[in-house]
Amino acid sequence: MAAKYDFKTSPDVQGKKEQPTLYPQIVVSGTKDLKDLAKEIARRSTIKEGTIVGLFCDLETVIANYLADGYNVKLGELGTFSATLTCRKVTDKSEIRAASVHFDNVKFKPTRQFRKEVRAKGKLERAEYGFRTSSTTYSEEERFKLLTDYLKEHVVITRKEYCTLTGLLRTKAGEELQQWSKEKKIEREGRVPHVMYRAMPEASSTSIKTDE
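Note that numbering that gives the first Met the number 0 numbers the sequence shown so that position 81 is 80, with each residue one more than the last.
No lab work stands behind these hints, which were simulated from the structure alone. Every clue listed holds true.
Result set (SDA-like, lysine to any residue): computed pairs, CA atoms no more than 25 Å apart in a straight line:
{"id": "1", "residue 1": "Lys171", "residue 2": "Tyr149"}
{"id": "2", "residue 1": "Lys108", "residue 2": "Glu59"}
{"id": "3", "residue 1": "Lys115", "residue 2": "Glu39"}
{"id": "4", "residue 1": "Lys34", "residue 2": "Glu48"}
{"id": "5", "residue 1": "Lys7", "residue 2": "Ile25"}
{"id": "6", "residue 1": "Lys38", "residue 2": "Leu58"}
{"id": "7", "residue 1": "Lys34", "residue 2": "Gly53"}
{"id": "8", "residue 1": "Lys115", "residue 2": "Gly29"}
{"id": "9", "residue 1": "Lys144", "residue 2": "Gln177"}
{"id": "10", "residue 1": "Lys106", "residue 2": "Val26"}
{"id": "11", "residue 1": "Lys73", "residue 2": "Gln112"}
{"id": "12", "residue 1": "Lys120", "residue 2": "Leu33"}
{"id": "13", "residue 1": "Lys120", "residue 2": "Glu39"}
{"id": "14", "residue 1": "Lys31", "residue 2": "Thr45"}
{"id": "15", "residue 1": "Lys3", "residue 2": "Leu77"}
{"id": "16", "residue 1": "Lys106", "residue 2": "Val89"}
{"id": "17", "residue 1": "Lys171", "residue 2": "His153"}
{"id": "18", "residue 1": "Lys31", "residue 2": "Leu168"}
{"id": "19", "residue 1": "Lys7", "residue 2": "Lys122"}
{"id": "20", "residue 1": "Lys159", "residue 2": "Arg169"}
{"id": "21", "residue 1": "Lys34", "residue 2": "Gly75"}
{"id": "22", "residue 1": "Lys115", "residue 2": "Ala1"}
{"id": "23", "residue 1": "Lys31", "residue 2": "Gly78"}
{"id": "24", "residue 1": "Lys34", "residue 2": "Leu77"}
{"id": "25", "residue 1": "Lys159", "residue 2": "Val26"}
{"id": "26", "residue 1": "Lys122", "residue 2": "Thr8"}
{"id": "27", "residue 1": "Lys171", "residue 2": "Thr30"}
{"id": "28", "residue 1": "Lys7", "residue 2": "Thr30"}
{"id": "29", "residue 1": "Lys34", "residue 2": "Val61"}
{"id": "30", "residue 1": "Lys120", "residue 2": "Phe107"}
{"id": "31", "residue 1": "Lys122", "residue 2": "Asp5"}
{"id": "32", "residue 1": "Lys3", "residue 2": "Leu36"}
{"id": "33", "residue 1": "Lys120", "residue 2": "Ala1"}
{"id": "34", "residue 1": "Lys108", "residue 2": "Asp32"}
{"id": "35", "residue 1": "Lys3", "residue 2": "Arg169"}
Based on the provided sequences and hints, a complete structural model is requested.
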């Protein structure tokens with residue numbers, strides 16, 4: 000199986016380029032999770048899938064403990080995990096108290112051997128449809144009108160249903176629904192992953208305000 004790729008336009012921050020510069024990027028086919036990895040390893044060995052999942056869970060815990068104790072963790076020829084710190088910006092280190100310094104993120108650096116292996120095994124072909132983008136069929140005001148009409152008939156809507164209704168991708172659809180919820184144009188209820196949105200009591204007269 001070959002990985003699909005397409006080209007994206009490099010942003011012209013300074014506004015000096017006559018023609019946009021293109022760069023290749025993988026069109027992601029999906030995400031393989033722990034269950035997928037365990038199933039594949041079990042297929043190649045005599046170890047049961049459940050045992051592999053348990054080992055991975057223990058591995059996560061052990062790595063987290065080592066990182067929290069200040070160690071880097073090298074996972075064979077896969078690569079090295081390391082923890083980073085953060086604190087507020089200062090010009091004199093004496094201004095920082097120990098309590099204000101805390102763990103920030105975890106970085107992963109693959110080994111040269113692992114990168115070489117991926118390059119050696121990887122096959123590429125141009126994606127037929129390229130990158131998915133949110134539909135521009137409707138303006139924001141038109142999408143809100145679609146939403147209010149939908150809620151009059153169906154009472155509640157999920158992000159997935161809003162994607163289908165408007166043609167927006169998941170991230171954009173979620174951001175838009177959350178923004179309208181913050182603006183009290185719709186009401187959010189439930190917890191992730193079971194979040195739903197419904198009309199506000201006065202929603203029948205609500206519309207998006209446009210800049211004058």
